[in-house]
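Visitor: As given, the protein sequences belong to chains A and B, one line each in that order.
Per this note's numbering, the very first residue in the first sequence carries number 21; after that it's consecutive.
Per this note's numbering, the very first residue in the second sequence carries number 21; after that it's consecutive.
What the hints contain is simulated information worked out from the structure, not anything from laboratory work.
Please note that a few of the clues may not be correct.
Identical chains blur together in the list; that is why a pair holds if it fits in one copy or across any two.
Straight line, CA to CA, 25 Å or less: simulated DMTMM-like cross-link-like pairs of lysine to aspartate or glutamate [stated by the list, open to error]:
#1 K272 with E286
#2 K272 with E106
#3 K274 with E149
#4 K288 with E106
#5 K137 with E162
Protein chains: 2
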Amino acid sequence: MYKLSIDAMSGDLGSSIVVEACLSFMKSHNDVELYVTGKSEELEKLKHERIHIIEARDTIPMDAGIMSVRRKKDSSMVKAVTLANEGTTDGAVSCGSTGAFYTSAMLFMKRLEGIEKSCLMAILPTYNEKGVMIMDVGANAENTPEQLHEFAIMGHIYAQYMRGINNPKIALLNIGSESKKGDETHQKAYQLLAADEQINFIGNIEGRDMLNGDCDVIVTDGFSGNIALKSCEGTAITLMKLMKESLMSSWKTKFGAIFVKDTLYELKDRFDYKSVGGALMMGFSKPVVKAHGASNAKAFGNAMELAYQMVKNDVVGKMKEGLEA
Amino acid sequence: MYKLSIDAMSGDLGSSIVVEACLSFMKSHNDVELYVTGKSEELEKLKHERIHIIEARDTIPMDAGIMSVRRKKDSSMVKAVTLANEGTTDGAVSCGSTGAFYTSAMLFMKRLEGIEKSCLMAILPTYNEKGVMIMDVGANAENTPEQLHEFAIMGHIYAQYMRGINNPKIALLNIGSESKKGDETHQKAYQLLAADEQINFIGNIEGRDMLNGDCDVIVTDGFSGNIALKSCEGTAITLMKLMKESLMSSWKTKFGAIFVKDTLYELKDRFDYKSVGGALMMGFSKPVVKAHGASNAKAFGNAMELAYQMVKNDVVGKMKEGLEA
């Protein structure tokens, strides 16, 4: 039986969508037990022999400063993390603030053995439908070459076991393609990645080529990874807003829009970073999955499924093996 | 009389577009003398009392490694830079490779007094029509807080005198808006910028907000500035390619495209980074302006106009004053 802890309280839309997601999840999974943290009076509908309610009176709101996590040991979020850390469950899911959830894991969960720094991974939409993993997207302000190497190994395992990509192509985000480009950290990281035979390192990648779909995992330091992710996001938002305004700019374009708006809105949705699926936390001893703060029940269910698959495939165990190799 | 040195040979399209641009420029400017470097047999049409041909037998091709510049002292590019450095002219224009031209300036031109590191500036398209200056976009792999402060001062002067922006808003590219965000370099840079009363520092800006048009100058270290610029570029290219494919995907969309394609192609042109105008080199003792490698005569003329305005407004002199203040 796989066990997941579920933070029911921290999302923007309250506990009801989590309740709905849990009930629906239990129908399709008969090998799972849930430990749902929150106020029991809001969780009364969760009557199921494989669902346990864990009372937690405190809530960490979406706009809470990440430092407040320290004082919120009785919150549904910290309790969900703690249950996983102490082994009651195999992983934790929350739709609270990314910063607070990541901080909860930093404070209340052991790091994966062999990992110096945990990180945040996001999947960006690409020209083809594959998408590309990028990590770290901002958990750290600075990284060492060794840490970037660890990110690459975790990315390699995740891409292989969770995204079904055989021998995933891994690149290092840098300011040029030659091995000597960038600062000392990136030059050394290049050497470490190139020397590691268990991964398929294809060299440096520039910001311009991130979305062309040619690579599966982009390794970055937390600073430039965050800048890269948000630059892509900002450009997509700006262009889509201008595209919409262009289509509404005259009677002629409004008429044309009738015929093209469906396909263009599909494109908009695909590049809507709000729906990209949040960031995944990597480098902890248990899977820690963040669903969107504005998640509906379906999105929350997807996050639960992700955590379930990570547990079932023992992705964290495989990362540990990869780091030891 | 203002004097410009013009590299006639280094562009993708050869010397003829430079010849055309020079002749047209002389018609509209009677206070300029040109020193055109290149093979005299290709410059025979440049018969004008205020145009001097400076023989240069060597050419630096667009795909030359930047290290080759060292050995190319007789090239049209290095000669154009040298003429400006020794005071024969007041500034230099080339449409050769950015890397080679920047290296030529690094090797053969004095830095502006008070500047530790020169840098590259690009102007990105924004949601409104203003555009935003971003610097450094990749001349340096690492920067100190003091260097970022120098970039801000140069940006302030340039925005004011060349872009006509009164009290330009200056922001620091970082991974969060709070002053304590980022690594030590960015935290210290924040303090230096905030303490400088001659500039209008509005705080940190995140990648997501770069193109929203709210600020005039974004100061970045060369590494993350390069990543940011190219991430924006890559996203714009990817989206525009997908938009075009969407419009061609069915008979229905093809019909609609007839009415919307003009306005969408305008948008595409606006975000076409090839036409954004190349990068400007900042921090040298004379204006050094790079026109596009694939420049036509009009684009080359624009670069000449930019150099002319920088000389006429003594922008470099004003930067020097700003750095001394």
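Visitor: Now tell me, hint by hint, if it's right for this structure.
Guide: Hints, verified against the model:
{"no.": "1", "hint": "K272 with E286", "verdict": "both (22 Å within a copy, 15 Å between copies)"}
{"no.": "2", "hint": "K272 with E106", "verdict": "neither (63 Å within a copy, 58 Å between copies)"}
{"no.": "3", "hint": "K274 with E149", "verdict": "between (29 Å within a copy, 23 Å between copies)"}
{"no.": "4", "hint": "K288 with E106", "verdict": "neither (42 Å within a copy, 54 Å between copies)"}
{"no.": "5", "hint": "K137 with E162", "verdict": "both (10 Å within a copy, 22 Å between copies)"}
Hint check: violations occur at hints 2 and 4; the rest are consistent with the structure.
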